[in-house]
Each structure stands twice: as structure tokens, then as C-alpha cells.
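K.L.:
Next come the chains, spelled out residue by residue.
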Amino acid sequence: MNKKRDRLQIIHDILKAIASRNGRIKPTHILYKSNISHQMLEDYLKEMIVKGFIEEHDLGPSKTYSVMPKGFEYLNKYKLIIEFTESFGLNEDEGFG
Amino acid sequence: MANFMIIPTWFLGYNIILEAVFALITLIVSRYAFKLYKLSEQRQLMLFGMAFLSISISYFIQSLLNFAILFNLTEDICHMVKANNLNSLNFIGVYTYVIFFTFGLMLLFFMTLRIKDAKIFSLIFLIVLSAIFLSANILFMFYLVSSIMLLSVCLHYLKNYLDKKQTKTLLVLIAFVFLLFGRVHFIFALNHGTYYVLGHVLELGAYGLILINLLRVLSKNEQKTR
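If you read the protein sequences in the order shown, they are chains A and B.
Per this note's numbering, the first sequence starts with residue 1, numbered consecutively.
Per this note's numbering, the second sequence starts with residue 1, numbered consecutively.
Bound conformation, chain A alone (with noise of 0.2 angstroms):
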């Protein structure tokens, strides 16, 4: 049985599904390759944007995100973050605000 996935997992399949496709991706993609719903999706964005994780940019009809250099650390660091949160127990799913 899959583990429910907690708010720092999710930020990171969003962010690593973003990176994958050179920097540059339409929501539909990332929704197909994250696995969250398209609500919970759009809630995640909105706060990543806020907190740079990610960038919006709007192309007309479409918008595409690109990973900002906070999200790649973010990235980076991911095992870290999990490693520490997860030896505190500090790993609960919170949501945002």
C-alpha cells in the first residue's frame, strides 16, 4: 500500500517534475506526473510562486513554470530536509498558511 505522501514529498515531485523538462512545463504536465489532484495542485502553485519556489510565466493562452534557484536548492537539499525532519519527528503534513 503507497504511504499518504506529506507536503515536502509533494513539493518535491512537483518541483523535480518541473526541473525534468528543462525548466519548462504546462500544468496538465505536471498534474500527469505528479499524481495529486488538479485542486491540490493548483493550491500548491500558488503557494510555491509566493515562496520562490517556482516562477509563472504567462504565454497567452497557456502558462508554463520554471524552478527558481530556491527550488533547485530545495532539490538539492531534499534528503537532508528528511533526514532531520524525520529523526525530530517533526514530519507531519501540515498543509499551507
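Simulated from the structure, these hints should not be mistaken for laboratory data.
The structure displayed is predicted, hence computed values, not measured ones.
Honestly, I wouldn't trust all of these hints.
Unchecked claim - Below, computed lysine-lysine pairings styled on DSS-like, alpha-carbon distance capped at 25 angstroms: (1) A:Lys79 <-> A:Lys46; (2) B:Lys220 <-> A:Lys70; (3) A:Lys16 <-> A:Lys79; (4) A:Lys16 <-> B:Lys35; (5) A:Lys77 <-> A:Lys33; (6) B:Lys38 <-> B:Lys116; (7) A:Lys16 <-> A:Lys26; (8) A:Lys79 <-> B:Lys165; (9) B:Lys116 <-> A:Lys16; (10) A:Lys77 <-> B:Lys164; (11) A:Lys33 <-> A:Lys79; (12) A:Lys79 <-> B:Lys119; (13) A:Lys46 <-> B:Lys38; (14) B:Lys38 <-> A:Lys70; (15) B:Lys38 <-> A:Lys79; (16) A:Lys77 <-> B:Lys165; (17) A:Lys77 <-> B:Lys220; (18) A:Lys46 <-> B:Lys35.
Add chain B to chain A, keeping to what the hints say.
P.N.:
Here is chain B on its own, set in the frame of chain A:
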């Protein structure tokens, strides 16, 4: 109100060094928590960082106060902080130590209970501080209350270890159990100096394990990025 503990003469000086070491270790843990919070925006990391920073400040104050008393610097410090006498200085020192440590420990305690309401936290914090400072023996009440909170924190880390069964979670569990026993020993140190020493030794074990765990986490990350 009693604000003194019995410290064996031979241990004077060592207690200051140990408290300074505890302040340093908790500061390091706090720093990494804040650094990872900056990366991840995970609120619990920020709260964890604040908790350990507050505890670090409390140890720093404790170490400084003991240092001042040991090296007869109290008169100069009385002038600096405009305290009337040694009693006032001791009063200020003990109160700030208790406030900072209780704040840090309460943050950890509330995180383990998963209570996120700041109003409830503030209310309980004020109630706890009132109970401590209005009691006949401040230090006794402080160590008793902190032991009870640490017991809850230990149960959280026991559950964390049973869920994951990893070395890192076991190290943290043992660390907090040592911390709990250390605090309990300080309750008895009000009447007997040996417990004061044992309390410090147990806390040294606790923070040593926390530091070892942090270094293991960092070195694992270094290996993976190479």
C-alpha cells in the same frame, strides 16, 4: 522563595563549562533547523528552531550567572544591570533562565501534541509561569513542570521510534529520556549536591546524542551529494 541549589565545591567551574557546551549544541541544532526552514518553509522546522534557540539562551544565561558568582563579578554586574544587590541579580538570572527554558520546552511540548493555536499556547505558558513563580520554591516547581513536559515529549519520540525503527529516531529518543532523567535529578539537587552533578552528566549525554545524530544526518547528506 528559594532560588538556590546545592553545588559540590569540586564541581564549580565544570558546571559552567557544561552549561556553555549545552548552549552551543542547542544553538547549532537551532541554526540547522532555521536553515532548513528557510529552504522548505516547513513551519514545524521554524518552531523547532525557536525552541532550541530559547533553550540555548537559557543555558547561556545559567552559565553566565554561575560564572559571575564563581569569579566574584557580581558587584560589577549589579552596577551594569542596575540591580541593588546579589539577591536581585540572582532573581533576574533565575527568572530569565526559567522563562527562556520553559518557553523552548513548551514549544516542543505543544509540537508533540500537534496544537497549533497560538492563543492556547500563550494562555498555558502564562499559567505555567504563574504556577512556577508564585510557588514557594521556584526551582523545584520549574524542574517538576519541565519534567512533566519532557515526559510527554519522550512519549512522542517513543512513538516516532516505534513507527520508523531507525537508528536516528532511537538516538533522539534516548537523548530526550536522558534529558528527562537529568531534570528529575535537578529536583533532588535542591537538597543534595550529588544529584546536581548527575543531572549535568545526564544532560551532557542527552545533548551529546543529539549532536551525534545531527552530525550523522549531515554526513549522510554529504555522502549522497558526492
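K.L.:
Against this structure, judge whether each hint is valid.
P.N.:
Results for each hint:
no.	hint	in the structure
1	A:Lys79 <-> A:Lys46	holds, 24 angstroms
2	B:Lys220 <-> A:Lys70	holds, 22 angstroms
3	A:Lys16 <-> A:Lys79	holds, 13 angstroms
4	A:Lys16 <-> B:Lys35	holds, 21 angstroms
5	A:Lys77 <-> A:Lys33	holds, 21 angstroms
6	B:Lys38 <-> B:Lys116	holds, 20 angstroms
7	A:Lys16 <-> A:Lys26	holds, 13 angstroms
8	A:Lys79 <-> B:Lys165	holds, 18 angstroms
9	B:Lys116 <-> A:Lys16	violated, 30 angstroms
10	A:Lys77 <-> B:Lys164	holds, 21 angstroms
11	A:Lys33 <-> A:Lys79	holds, 20 angstroms
12	A:Lys79 <-> B:Lys119	violated, 34 angstroms
13	A:Lys46 <-> B:Lys38	holds, 18 angstroms
14	B:Lys38 <-> A:Lys70	holds, 9 angstroms
15	B:Lys38 <-> A:Lys79	holds, 15 angstroms
16	A:Lys77 <-> B:Lys165	holds, 23 angstroms
17	A:Lys77 <-> B:Lys220	holds, 11 angstroms
18	A:Lys46 <-> B:Lys35	holds, 23 angstroms
Taken one by one, the earlier hints fail for this structure at numbers 9, 12, listed in ascending order.
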